[in-house]
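2 protein chains.
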Amino acid sequence: MGTRAGIVVTGTEVLTGRVADRNGPWLAERLRQAGVDVAAVVVVGDRPEDMRGALEYLAGSGVDLVVTSGGLGPTADDLTAAVVGEVQGRPLDLDPELEQRVAAVVEELMSRRGWRADPEATAAGVRKQAMVPAGATVLEPVGTAPGLVVPPAGARGGPVVVVLPGPPSELQGMWPAALAAGPVREALAGAAELRQGTVRLWGTLEAQLAATLREHQAGLGGLEVTTCLREGELEIVTRFAPQAQPAHDHLVAVLAEEYAATLFSTGPTLDELVADALRDQGLTIATAESCTGGLLVARLIERAGSSAWVLGGITSYANSAKEQLVGVPEEVLAEFGAVSPQVALALAEGARARFGADVGVGITGIAGPGGGTPDKPVGTVHLCVVGPSGTEARSVRLRGSRTAVRERSVVLALHLLRHLLLGGPPA
Amino acid sequence: MGTRAGIVVTGTEVLTGRVADRNGPWLAERLRQAGVDVAAVVVVGDRPEDMRGALEYLAGSGVDLVVTSGGLGPTADDLTAAVVGEVQGRPLDLDPELEQRVAAVVEELMSRRGWRADPEATAAGVRKQAMVPAGATVLEPVGTAPGLVVPPAGARGGPVVVVLPGPPSELQGMWPAALAAGPVREALAGAAELRQGTVRLWGTLEAQLAATLREHQAGLGGLEVTTCLREGELEIVTRFAPQAQPAHDHLVAVLAEEYAATLFSTGPTLDELVADALRDQGLTIATAESCTGGLLVARLIERAGSSAWVLGGITSYANSAKEQLVGVPEEVLAEFGAVSPQVALALAEGARARFGADVGVGITGIAGPGGGTPDKPVGTVHLCVVGPSGTEARSVRLRGSRTAVRERSVVLALHLLRHLLLGGPPA
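Residue numbers (the working numbering), protein chains in the order written: chain A, 1 to 427; chain B, 1 to 427.
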């Protein structure tokens, strides 16, 4: 089974869905890189009995390490340190030096922002944050909250618990110190390399792939294969120990042969393929978006260094903006309507001309929920990509909510770009 | 304690963080609306022993209902139905009529996309999806996978388990049928109304709020108060039974008095406040963004019906685009540099003029990780909002990653808009 870990994410705001959890995925990936398999991520609210239940469940499932995030603040609902101390058999003690360090941080923060608060009440919050389970290792605060490494007391056994703050930047900043702590190093001493491979297909039905995997089952020993269908992309991920590398290579060869028409990547994501192609081919790009309203250009710019190839984009939501800012001819708008292949082409050409870019992208459509007609129902989207080597266009009727239609349109535009720049499976 | 539920999200792609879970939060909010408190969300991979462990943990914590998402596909790693059937004491049986209905759906899907697959292998996948725990209620497929309602067999007791597919659109489409199923109605029969209130502060330290809450502790009986600091916004959420409404109203009054300078909402989100203000005041808006590259305009357009007030935006990443498309004077760029308050103002005015909008927003900055200088380090961002009633501007040095800098800039721009349109706490 190898070395295994569990993650406990605390916070009613995460449990109730008001805030998306970013710590669970981040920790899972870091643990994988350390050769540790994650058994489960448990999200609980700020209630001591629920947190205790989650810690006991993970201990019972035999993990070597538990990482918690959140519940280290000064408010009464922040109780992770107390509950972890209790579960690990280590009662809380005030660490006076830590108290001074936290007080200094809080004071600096408040004076910088010009805030005032009742000093006694603030001191009570600071004291709470300086309560440490006896024998635990303190991880120095990145924000105001210190982290903790809490091994089980005496002979009671069970996983080492690493307690980290909830804000992602603080948690991430504290991770190296957590990994370096003695009890964590010991818990992970047996962790072996865990490899991961990814194959991406565009336009293959999951049932079809299931048949292929069943057919070749015999050759897949030692691989954990999982498949995930998302926005039309079928992602096949294998996780394996180094000795199963030949089985992995065999699977990739089988997929490359059977799905030559849809396999577009044996690793990089769609976004990486497009960005690398633009950079490697020395091309610049600009967009003119209507229904996706800036989502495509925002996604193209996500990548650091993208200013070398992304010149910009125009979100031309209003018809007047399509005409005046992108230069879509008035008569094209009048004859075919704003949602038409002709306008998508004019937007792509306009973006290219206005920004002086090598590649232009145009997207126009009806994201809904309103605005649909019998002729052009909600979900109708026209996309066009124009570059030095030619033009790619697609017209589709997408299903789903406003958000889904916008996201799927962006994915489709990226596949059009991929095909224009790199060939391979059509969009 | 009331009626409680647990959620199990399955899928190695979610557990490893490759895909963000959207089902847990969605289900948690729907359950709350039904008066059900969620005790925990557990994410596990596609391994039978981990899924079994999660189901037993939740059953042991005394929940009345468990909802699972994912693991209903035709591939070998889809094993939710089998594990749930086993835990509930209900062995799987083939449902031949369901098999026919699933086969018809798969056939239609494949013919529509022009895909072919080995018929025998496809049939095996279909048969797998038509295996139903004895005595379970089948929820008709929205995609290809049927859902299930599986009560515990005989006298064994424990929660009713609702098994739903992983794709969010399928899960959401199936939810009304799940709620209407007899065993679910029985499990939720005792659920009482669970109210929720939200107060939002902009620029208050969590330690300060903690002191206030401690001071007024006596008057907060019956309220579950949680606080969450996110991107500078301190969100205070209370959950309570109807009889605790006076305690809730008291808390809101206390906060309104003590935090008059930072309280900007007793309900709506920042995005809702800005959108409603634009709509109610009959104003249109346009943006010119550099480092945020379309994120602000994409967020403004997220809301359905936003075409009534959002005219569009220009992502002017390159200097030439700032000049030619937004009309930033060449000499302003030369004298002050692209990242300057002067250029932020020129971008806001340019967006307003080019789109003919009532309100213009300009953002320019250095998101990093490269591009910083001693004078203008990474995180330097200048923002400006120009409207009929005046101008708001801010220059900040934000901390964090490229993504964090971009997101915080968008939040700050929205607060500038809020203050320009509605007054209240400054941005």
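Hints listed in this document are in silico derivations from the structure and should not be mistaken for laboratory results. Since we're looking at a predicted model, the values are computed, not measured. Be aware that one or more of the hints could be misleading.
[As the list claims (entries may be wrong)] If you only want the chain B side, here are some residues facing chain A, beta carbon under 7 Å, derived:
1. S61
2. T315
3. P369
Each residue gets a CB set at the ideal place from its N, CA and C atoms; glycine is no exception.
Results of checking the hints against the structure:
1. S61: Holds - the Cβ of S61/B comes within 7 Å of chain A, reaching about 5 Å at its closest.
2. T315: Since chain A brings a Cβ to about 4 Å from T315/B, closer than 7 Å, the hint holds.
3. P369: holds, 5 Å
Violated hints for the displayed structure: none, as all numbered hints are satisfied.
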